[in-house]
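Please work from the sequences and hints to get the whole structure.
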Amino acid sequence: MDLAYTDDQKAFREEVRSWLAANVPAEPLQSFDTEEGFQQHRDWEAKLNEGRWGMVTWPEELGGRACDLIQWLIFEEEYYRACAPLRVNQNGIFLLGPTLMEYGTDEQKARILPKMANREEVWAQGWSEPNAGSDMAAIRSKAELKGDVYVINGQKTWSTRAVWADWCFGMFRTDPESERHRGLTFILVPLDSPGITVRPIPQLDGLPGFAEIFFDNVEVSVDNRLGGEGEGWAVAMATAGFERGLMLRSPARFQETARRLVELYRENQTSADQDPAVKEAVIRAYLDAESYCLTTYQTACRINSGGKIGAESSTNKIFWSELDQNMHAAAMSILGARAELLPHAPDAAGVGTWLDGWLFSQSGPIYAGTNEIQRNIIAERMLGMPR
Amino acid sequence: MDLAYTDDQKAFREEVRSWLAANVPAEPLQSFDTEEGFQQHRDWEAKLNEGRWGMVTWPEELGGRACDLIQWLIFEEEYYRACAPLRVNQNGIFLLGPTLMEYGTDEQKARILPKMANREEVWAQGWSEPNAGSDMAAIRSKAELKGDVYVINGQKTWSTRAVWADWCFGMFRTDPESERHRGLTFILVPLDSPGITVRPIPQLDGLPGFAEIFFDNVEVSVDNRLGGEGEGWAVAMATAGFERGLMLRSPARFQETARRLVELYRENQTSADQDPAVKEAVIRAYLDAESYCLTTYQTACRINSGGKIGAESSTNKIFWSELDQNMHAAAMSILGARAELLPHAPDAAGVGTWLDGWLFSQSGPIYAGTNEIQRNIIAERMLGMPR
Amino acid sequence: MDFTFSEDQLLFQESVRDFLVNEVTPEKIRELWDTDSGRSDELWGQLSELGLTGLTVPEEHGGLGMNELDFILLAQECGYVALPEPLVHTALVAVPTLNALGGEVAAEWLPKIAAGEARVVVGLEQNQLVEDAHVADLILLQQGSDLHALTQGDVELRHNESVDPSRKLFAVEIKNANVVSIDAAIIDGALQRGALANAAQALGLAQRMIDISVQYTSERNQFGKPIGSFQAVKHHMANVAVQLEYAKAPVHRAAYAAANGLSTLAQNVSHAKLVACDAANLAAKNCIQVHGAMGYTWEVDLHIFMKKAWALANSWGDAGYHKARVADVIFADDALLGAGNTFLN
Amino acid sequence: MDFTFSEDQLLFQESVRDFLVNEVTPEKIRELWDTDSGRSDELWGQLSELGLTGLTVPEEHGGLGMNELDFILLAQECGYVALPEPLVHTALVAVPTLNALGGEVAAEWLPKIAAGEARVVVGLEQNQLVEDAHVADLILLQQGSDLHALTQGDVELRHNESVDPSRKLFAVEIKNANVVSIDAAIIDGALQRGALANAAQALGLAQRMIDISVQYTSERNQFGKPIGSFQAVKHHMANVAVQLEYAKAPVHRAAYAAANGLSTLAQNVSHAKLVACDAANLAAKNCIQVHGAMGYTWEVDLHIFMKKAWALANSWGDAGYHKARVADVIFADDALLGAGNTFLN
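Protein chains in written order, with this note's numbering: chain F, 5 to 391; chain E, 5 to 391; chain U, 57 to 401; chain C, 57 to 401.
Keep in mind the hints are simulated off the structure, nothing from the lab. Model, not experiment: these values are computed from the prediction. There may be inaccurate statements among the hints.
[Unchecked claim] Here are a few chain E residues that face chain C, going by a calculated C-beta distance under 10 Å:
1. G231
2. D279
3. I338
4. S367
5. T374
[Stated by the list, open to error] If you want the footprint, here are the derived chain U segments under chain E, 3+ residues with CB under 8 Å:
6. 83–90
7. 264–276
8. 279–293
Heads up, the beta-carbon is just placed ideally off N, CA and C, and yes, glycines get one too.
As structure tokens, this is what we get:
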């Protein structure tokens with residue numbers, strides 16, 4: 005065990021830090037759930053890509069830097085410290101990208117990855133359906149192979165970024181006789197295909213963060229099938245695997261929230277200390293964010309040295325989502341009567357982005373498998389309790 | 005609504021207070037889970053009975069005072085303020101007694117109640133069996149009617165007070181063909197009957213607070229059947245009803261614990277305030293104990309004026325048991341390194357009875373129907389959620 | 057000792073509930089979001105016809121002369137539908153304050169309130185942004201130790217948008233001062249009633265979120281059965297039910313203390329607001345969870361009530377303010393704690 | 057950056073676990089409850105033969121010259137079986153303290169420890185009651201700013217019974233003083249290692265309580281199926297598993313900080329002890345709950361581990377002490393918080 009960074013790692017951190025210092029927009033971008041903000045974030049992805057900072061874990065020939073998980077964690081630490089923009093194409097870069105490298109044909113990689121990297125094509129995910137949420141194996145949307153095209157009918161929902169994205173990926177039932185996990189195929193669909201209707205779904209803040217996608221005899225070339233027909237479930241599981249999860253939920257995000265929470269507490273200490281639960285929550289926030297970081301580093305090191313990650317990865321989702329909710333709840337308590345104000349309200353001094361964060365934190369325990377589902381998985385697969 | 009006590013109620017309080025002041029033993033009695041302590045508590049019951057304070061809610065002809073629930077709450081408030089001894093015969097007085105008055109024959113009332121009142125006969129309950137805990141309808145102990153006696157075979161467990169008690173009551177399966185709630189009969193059994201073996205079960209503190217009772221062809225006169233044959237479940241439900249529960253868990257107990265917790269906090273404030281969670285817990289303890297008292301009074305008034313109490317009574321068990329556990333956990337935190345010491349330890353200054361209370365509080369969420377069972381009941385019967 | 061409500065009080069609650077549930081639907085609330093004021097004179101008129109605006113106004117001023125206790129169950133119902141009108145604000149906060157002020161200002165405004173011709177709101181330092189100031193005919197505003205009585209002509213309003221589209225908050229700048237009192241007790245009395253109003257509405261909001269969620273989880277199927285049949289979902293809801301069950305009596309006791317001017321009013325109200333708003337916050341947390349992604353959407357009604365619950369918990373004194381009030385009482389040397397001290401003997 | 061343990065460290069952990077699970081069974085622990093000392097020289101001898109007593113003793117004193125990090129996984133295993141011997145106390149607290157003291161006292165006692173001939177314990181003001189003082193050949197005792205090195209002849213012991221029958225606590229009165237240091241850093245270093253020792257054992261205790269409960273709930277049937285198949289029971293256990301999973305790395309980091317003398321040792325240890333003991337306390341709470349009435353009995357083994365978990369949480373600095381240490385760090389003006397500051401760069 006050696007908990008010091010190597011010289012290379014330190015140098016890498018310096019390189020990331022200086023590039024970000026020089027390139028991160030001074031003004032925060034608008035929300036990428038607005039049309040203009042989406043374009044701003046698309047442009048930022050292009051800039052990242054020019055500096056080869058877009059997908060640092062990708063191989064060099066694809067514009068990446070072949071970073072290992074530790075470098076990735078360092079990159080993220082600097083990225084969040086620099087308050088750099090959110091990643092509008094994360095569904096593509098972090099979820100689909102690595103899956104393509106694993107399951108895609110050379111033709112698919114050559115056709116899809118470069119445009120994903122240079123932000124020409126932004127990706128949405130199409131996992132859920134109205135009756136297949138926590139129970140993803142209940143997918144009903146059909147894809148029928150006719151000659152060299154799949155004809156898709158059905159509906160997806162909770163499709164993040166779909167309102168302005170160019171493509172979506174998801175699972176479709178190609179064997180009408182099949183049930184549950186079998187007979188599903190992983191297909192990539194251009195969102196400008198005839199027969200597609202995208203209905204934005206406004207979320208708690210009123211912005212269309214996700215959408216429903218309706219498929220009415222949508223024809224998609226068989227070239228857009230990822231993996232074999234009927235092998236969709238395996239591909240999807242890889243896409244949702246731990247390393248991918250780590251990409252999306254790096255500890256830096258929560259450590260920066262904890263840091264801002266400590267600042268907020270100190271700025272308002274007199275009033276905040278009237279409620280002893282607040283100081284308790286602030287101390288917990290710091291400890292838990294640290295625990296999350298330490299545990300992630302330990303897991304990343306185990307994976308780097310060839311280790312495998314098991315069902316304990318389900319603890320990850322529960323831990324960060326509850327931490328995020330608790331930190332924002334504490335901030336709301338500190339802000340008191342100001343907590344409900346929108347950031348642009350004239351008397352909203354000092355409220356920062358806490359309200360947006362609080363609203364967003366409500367989704368953490370829900371999406372990507374509710375925490376109830378995660379607890380079932382932990383009990384049954386990690387602890388071996390009876391089903 | 006009138007939240008002032010009537011003159012009668014005030015006078016009643018005064019009467020209780022002065023009698024207790026004159027009669028409560030100066031030295032706390034030993035635990036009634038010891039043989040000597042059991043006898044001490046038995047004697048105390050006799051003294052209470054002499055003053056007609058043993059069963060104030062019983063009718064006057066039975067040595068009670070026909071108190072309503074408000075008077076009962078007042079009596080309990082004074083009883084706990086005076087640190088009077090625990091009620092060793094509570095299974096008899098509060099659970100079986102009222103049930104006898106409702107379902108017993110005149111012969112049974114005349115035979116059983118006076119001896120219960122004058123402490124000659126202390127009662128144990130025999131609800132659970134090794135495989136009928138949360139699932140009480142799974143009772144298997146049999147009682148076979150032969151002539152005018154029931155021949156009982158089987159086993160009961162978690163039988164509180166059974167080690168030194170004189171009688172026990174419980175449900176037995178009189179119809180061997182029957183299943184679940186049907187075919188059960190409520191029978192009273194003298195614990196000195198031939199064929200009975202009582203095995204003490206030491207609890208967390210090492211004392212035999214409950215016991216297993218083994219029945220080997222135990223013959224019990226049919227006179228000891230309470231209610232009709234096969235009607236045991238209805239009788240048992242009445243015995244476990246809300247008013248009974250209220251008898252056992254009057255708010256005064258928890259308000260006095262909250263008061264002592266506030267004192268303990270103030271005595272140790274400097275060290276206690278190092279942990280902000282402690283002050284938060286102490287404030288909560290006071291508020292929740294008050295809420296419990298207020299809600300109980302409101303329910304009692306509704307019942308007094310003819311109202312019925314529904315499934316919301318299941319919220320009662322959860323609320324007091326978690327409150328009790330939280331209050332004692334807070335006390336353990338305040339005591340810090342002293343918390344683990346037994347009261348008689350030479351350097352245990354100031355630990356009082358908190359450790360015993362902490363151990364006992366562990367049983368609250370478990371006995372009389374685990375809190376998980378209570379939550380199911382609340383969801384299904386009170387909220388009407390699907391089974 | 058009688059902790060029950062009268063037949064009349066319960067019957068009136070029922071009739072008001074029926075009216076509100078039928079008239080103030082989520083659809084109606086969403087319609088009002090798209091209007092300039094977000095308020096409806098028509099609705100205010102209906103509330104007045106029901107006698108609600110004049111309920112707490114003394115009879116000599118044309119009201120029904122009832123008190124905070126008579127109104128408390130109605131305030132719960134207003135919370136149940138998230139009523140987007142300053143009815144609770146006017147009847148439970150402004151009217152008692154005007155009563156306490158007495159004199160001209162009371163004589164002028166109480167009859168108008170009773171007649172349904174005036175909405176009156178109160179703004180205190182604990183509540184610097186005044187809800188519904190834009191539709192208020194009279195604003196009672198604290199500034200330091202002064203309490204001003206101001207009409208629209210006397211003030212300049214600055215709108216502050218809330219996460220709850222139904223809440224209309226305004227910073228109020230005084231152009232023409234009009235001090236009507238420097239009595240701290242009157243200001244404190246107004247704060248107590250504002251906190252009491254939030255507590256009562258929080259009870260209604262919590263109940264509404266439970267009802268919405270029980271219905272949703274009974275209809276929504278996953279893994280071949282209603283999600284409401286899963287024990288984890290049941291226990292989320294049961295935990296809310298327990299909190300709510302034990303928050304009611306404290307609110308009713310606080311209303312009784314206000315109606316009878318008990319010396320324990322401040323601590324009773326702080327107790328009530330803390331536990332009622334905790335129940336509503338827990339309801340919000342657990343109810344969005346059992347809704348899954350649907351709960352995170354704008355189109356599902358849950359957020360109408362969830363956002364109001366969040367806002368009420370932090371207005372008219374936040375948790376810290378009320379905990380400090382409780383702490384001052386229970387940690388005092390002469391504190392009356394323990395069994396037998398819950399009610400004044 | 058390498059946060060993994062070496063093959064050797066993991067292999068040694070395995071062999072020690074095998075030995076402890078086979079030798080230090082609940083039955084063995086219950087037997088020792090009935091003995092005068094509650095300790096076993098035979099067991100101590102076996103631990104010594106395994107090289108455990110000498111593990112952290114420098115080679116020049118006949119030990120293996122390993123450090124706190126090498127021992128931390130073994131301390132977890134000692135917690136897993138609730139080892140009723142001062143092995144962790146001696147190897148993880150006393151030995152580093154003797155190393156820091158150096159000189160005669162170290163030269164005299166370290167070889168004895170390595171040879172399995174001496175149990176050495178430490179008593180500080182945070183821990184005035186000294187565990188296992190009755191079987192200790194040497195007691196390092198803080199009094200004010202003095203650190204004494206005392207043998208049984210120098211002291212009078214007053215036994216204090218703990219709720220955990222395996223814990224033997226003693227108040228120590230000094231008859232013959234023998235100050236060996238007045239260096240506050242040495243005393244503080246001992247406290248850090250005592251807290252670290254508790255944190256590591258708490259991890260083992262939590263895991264043991266989980267294992268016991270998973271087995272019990274898989275075998276115990278109610279309503280016609282194993283109670284472990286009920287979602288409420290599963291989620292109780294899953295919540296413990298989550299807490300435990302995220303408490304491990306902080307403990308390992310704290311051990312690394314101790315082994316490498318990092319300036320962040322104090323805050324790292326306080327962090328580790330807080331989260332590890334929280335995990336063990338939650339395990340105790342949820343595991344007794346899923347055991348139902350069985351968990352409340354003396355005959356079921358759960359309480360052996362539950363009571364130890366309670367005790368460890370409050371010794372070597374309770375939660376308040378360690379939270380205050382953390383607060384001092386994170387609320388300081390020059391605090392290094394946020395991303396990228398977890399490891400010293």
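Status of the hints after comparison with the structure:
1. G231: violated (26 Å)
2. D279: holds (4 Å)
3. I338: holds (9 Å)
4. S367: Hint on S367 of chain E: holds, closest Cβ of chain C at ~5 Å, below 10 Å.
5. T374: holds (6 Å)
6. 83–90: With 0 residues in contact (Cβ-Cβ under 8 Å with chain E), the coverage given for the stretch 83–90 of chain U is violated.
7. 264–276: Since three or more residues must qualify, the claim that chain E covers the stretch 264–276 of chain U holds, with 4 doing so at under 8 Å.
8. 279–293: With 9 residues close enough to chain E, the hint holds.
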